[in-house]
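Q: Sequence:
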Amino acid sequence: MQRIICKSKLHGLHVTGKNLEYEGSITIDEDLLLASDILPNEMVQVINLNSGVRFETYIIKGERGSGVVYLNGGAARLGEVGDELIVMSSALMDTVDARNYTTRKIIVGPDNRVRE
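Numbering (this note's numbering), first residue to last: 6 to 121.
Simulated from the structure, these hints should not be mistaken for lab results.
Keep in mind that this is a model prediction, so the values were computed, not measured.
C-beta: ideal position from N, C-alpha, C; glycine also.
Errors might be hidden in some of the hints.
[Said to hold, decoys possible] Within a straight-line C-alpha distance of at most 25 Å, the following computed PhoX-like cross-link-like pairs (lysine-lysine) qualify:
#1 LYS12 <-> LYS110
#2 LYS66 <-> LYS110
#3 LYS14 <-> LYS66
#4 LYS23 <-> LYS66
#5 LYS14 <-> LYS110
#6 LYS12 <-> LYS66
[To be verified] Simulated DEER-style distance windows between Cβ atoms:
#7 VAL101 <-> SER71: 37 to 43 Å
#8 GLU61 <-> ARG109: 16 to 22 Å
#9 LEU25 <-> GLU121: 30 to 36 Å
Take the sequences, apply the hints, and build the full model.
A: The structure is reproduced here in structure tokens:
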């Protein structure tokens, strides 16, 4: 049996900007993507802790070291600058691998820098 597992989690991101005119996605600082093992174009779930909204989109790599977290396109209507987010990526794996897998959890400070 195959299972969908939470592969990676970025917790405590803060929205730094919005771009409604873009075609969609979330832009995240490359340092955070590397720390969390999330790739550009990877599908992710985003939870806005301020509003409770949950949505799915894909990743765009942001400038390394910039702390950027931008909501783009339709996602720009689902959050405001300063809102706190959780971003989670998933992986499909068989039951044996899933039982032994540990989610990569990255805790981020208000400046969008890795804390843990």
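Q: With reference to the structure, classify each hint as holding or not holding.
A: Each hint, compared with the structure:
1. LYS12 <-> LYS110: holds (9 Å)
2. LYS66 <-> LYS110: Distance ~19 Å between LYS66 and LYS110 Cα, so the pair holds.
3. LYS14 <-> LYS66: This hinted pair holds, its Cα atoms lying about 16 Å apart.
4. LYS23 <-> LYS66: holds (15 Å)
5. LYS14 <-> LYS110: holds (5 Å)
6. LYS12 <-> LYS66: Given pair LYS12, LYS66 holds - Cα atoms ~18 Å apart, limit 25 Å.
7. VAL101 <-> SER71: 37 to 43 Å: holds (40 Å)
8. GLU61 <-> ARG109: 16 to 22 Å: holds (19 Å)
9. LEU25 <-> GLU121: 30 to 36 Å: This hint holds: roughly 33 Å between Cβ atoms.
Hint compliance for this structure: no hint is broken.
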